[in-house]
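Chemist: Given next are the chains, with one letter for each unit.
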Amino acid sequence: MPEAEQPLPSNETEILADAEAIAARIPDGAFVALPPDYSLVAMEVVRALIRREAKGLRLLGVPVLGFCADLLIGAGCVAEVETSAVSLGEAGLAPRFTAAAERGTIRVVDATCPMVHAGLQAAEKGVPFMPLRGVIGSDLVAQRADWKTLDNPFAANDALLVAKAIVPDVALIHARWADARGNLWIGRRRELATIAHAARATYATVEAMRADDMLDDELLAPGVLGAVYVSAIAPAPRGAWPLGVIDEYAIDDAHLLEYARRAKTAEGFARYLDEFVRKRAAQPA
Amino acid sequence: MDYAREELLACTIARLIGDVTQTAHVAVGAASPIPATACYLLRARQGGRPRLSLLHRRRGNPFSEGSRELFDLAGQGRIDVFFLGGAQIDGEANINLVGTGEYPQLAHRFPGSFGSAFMYFTARRTILFREEHSARVLVPKVDFVSAPGWSPPGLWRRGGPQALVTGKALFAWQADKRRFRLESVHPGCSAEEVRASTGFDYDAPRAVAVTAVPDAEALRLLRGPVAAEIAANYPEFARRVWGLAA
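Here the protein sequences come in this chain order: A and B. Residue numbering for the first sequence follows the numbering used here, starting at 1 and increasing by one per position. Residue numbering for the second sequence follows the numbering used here, starting at 1 and increasing by one per position.
If you're looking for bench data, these hints aren't it; they were derived computationally from the structure. Note that CB positions come from ideal geometry on N, CA and C, so glycine has one too. Heads up, some of the hints might be wrong.
Unchecked claim - Only pairs whose alpha carbons sit at most 35 Å apart, straight line, appear in this in silico DSBU-like list of lysine-lysine:
no., chain 1, residue 1, chain 2, residue 2
1, B, Lys141, A, Lys264
2, B, Lys168, A, Lys148
3, A, Lys279, A, Lys148
4, B, Lys141, A, Lys164
5, A, Lys125, A, Lys279
6, B, Lys177, B, Lys141
7, A, Lys164, A, Lys279
8, B, Lys168, B, Lys141
9, B, Lys168, A, Lys264
10, A, Lys125, A, Lys264
11, A, Lys148, B, Lys141
12, A, Lys125, A, Lys148
13, A, Lys164, A, Lys148
14, A, Lys164, A, Lys125
15, A, Lys55, A, Lys125
Claimed, not checked - Restraint-style ranges between C-beta atoms, simulated for each label pair:
no., chain 1, residue 1, chain 2, residue 2, range
16, A, Arg210, B, Asp72, 29 to 37 Å
17, A, Lys279, B, Ser190, 38 to 46 Å
18, B, Gly224, A, Met209, 29 to 37 Å
19, A, Pro222, B, Ala216, 53 to 61 Å
20, B, Asp2, A, Ala79, 39 to 47 Å
Work out the full structure: start from the sequences and follow the hints.
Modeler: Written out as structure tokens, the structure is:
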């Protein structure tokens, strides 16, 4: 029997005031898909979620997580992370993730990158699963009730792994621009489109609003995520900081190193939150 | 001639990648500045070849279809060489990137498996690389198999391990025996020291070679064009090894 259908919406995009208004739309316990640190991360909404003391979030790393997840975990907003990795890249291990995982205060659902993409691609197509090569023989498989092996229906003796469709409650992203219709310009960061296509709701902050319709511009259009997927947007200039937005501002490596150092202890992390999250401190220009 | 340990390791990895007749396309994943250095060294010597897809390249990144494109390329067989490491690596070339202890309540949690469980199967060759060479890392059996070193007959698998490079030695992978063989020890290390600091059993010749050191031309390229490329993408590494600002 096919599962009961839960059609996804065709949105009329709402334009909200700020990142706080978006954080207010993300309920406690939501399954929230996030892009990696090198993509476009809605950091100001992450900080607003901490300020509103969100609880029980389930994070999906598409396909990995970093600074944004470490902040949410350290602040006690997270019950579970489903991801292929959590790391600060050159700044090393993600300290609050590591501590929470070792103490068992969060549940970690371990994945491998292309299985996350495959699950989201199944959701994009509205089909129940997507097959992938490899992975069989990894201990990951036994941990995942939503990964199963399937015989290739077109060839004999050829087992494939399939990922069950992943439908996040919320895709949370940042974009370079939005236009008044709610189209978002994400450029080459197509994982944002994958997340938005698969999710029930997509919330985005943007660096700036544009007066034109970006779909009228043939050079901009290929980098656009269409408004049909976008539930609500809000302006947040420098909203990805200390992560980057290509051609606008680079990832703040020095800040991430400083964070990694301070977040090694719970006390250092608490002071970081006071200074950079709770007080909405001015960001370096 | 004076050289940094990172320069020796990059030159060793460059030899494993081989020339353009062996390798058309190398991909480098998360936080792998030494493999990336090896690739840029080859490109400096070979007129910009092989093709290098550096996942975290900040400007001019080769991927325009998002973070899934690397895996789609690999799935199609378009990636000749990839690199993987491990919190633990065992004598059957299984790697563990998840952590040590009994899963899921691990004693020491590491970042996670990344794309290893797929890339180890789909890239034609994988060079295993881990700087720390100790019995803590090179274990008889990994606590968790992020990605298996080999697969039973009948299961689809395009590629697998080629070699293991550590801070002390180079091992070749023997697919037929499912065992490593010690190829060379790096200058300053001995075969005895390598045996004592390796937790798994492996084959070794009676007389073990010493890993070739970087020549003057390699060092000139590493400290010139290669360092400049690396500084743009791994600023912290470039600062540490070459004293360069990004």
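Chemist: Indicate, hint by hint, whether the structure satisfies it.
Modeler: Comparing the hints with the structure gives:
Straight-line distance between C-alpha atoms of Lys141/B and Lys264/A comes to about 30 Å, which keeps the hinted pair within the 35 Å bound. Straight-line distance between C-alpha atoms of Lys168/B and Lys148/A comes to about 40 Å, which puts the hinted pair past the 35 Å bound. Between Lys279/A and Lys148/A the alpha-carbon distance is near 47 Å, which puts this suggested pair outside the 35 Å criterion. Proximity of Lys141/B to Lys164/A is assessed by CA-CA distance (about 31 Å); at most 35 Å being required, the pair is judged to hold.
Restraint check for Lys125/A and Lys279/A: the C-alpha separation of about 42 Å exceeds 35 Å, so the hint is violated. For a cut-off of 35 Å, the pair hint linking Lys177/B to Lys141/B stands: about 16 Å separates their Cα positions. For the hint linking Lys164/A to Lys279/A, the alpha-carbon distance of about 41 Å lies beyond 35 Å, and the restraint is violated. Between Lys168/B and Lys141/B, the direct Cα distance comes to roughly 20 Å. Compliance with the 35 Å bound is thereby established for this hinted pair.
For the hint pairing Lys168/B with Lys264/A, the CA-to-CA distance comes to about 30 Å; that is within 35 Å, so the pair holds. Proposed proximity of Lys125/A and Lys264/A is contradicted: the alpha carbons are some 42 Å apart, above 35 Å. For the hint linking Lys148/A to Lys141/B, the alpha-carbon distance of about 25 Å falls within 35 Å, and the restraint holds. Annotation: proposed proximity of Lys125/A to Lys148/A holds, straight-line Cα distance about 19 Å (limit 35 Å).
A hinted pair counts as satisfied when its Cα atoms are at most 35 Å apart, and Lys164/A with Lys148/A qualifies at roughly 8 Å. A distance of roughly 12 Å separates the Cα atoms of Lys164/A and Lys125/A; the hinted pair therefore holds under the 35 Å criterion. Note on Lys55/A and Lys125/A: the hinted pairing holds, with a Cα-Cα distance of about 31 Å set against a maximum of 35 Å. The hinted range of 29 to 37 Å is satisfied by Arg210/A and Asp72/B, whose Cβ atoms lie roughly 31 Å apart.
Against the hinted window of 38 to 46 Å, the Cβ-Cβ separation of Lys279/A and Ser190/B comes to about 57 Å, which falls outside the hint. The hinted range of 29 to 37 Å is not satisfied by Gly224/B and Met209/A, whose Cβ atoms lie roughly 45 Å apart. A hinted range of 53 to 61 Å for the beta carbons of Pro222/A and Ala216/B is inconsistent with their spacing of about 47 Å. Remark: the range hint 39 to 47 Å for Asp2/B to Ala79/A is contradicted by a beta-carbon distance near 52 Å.
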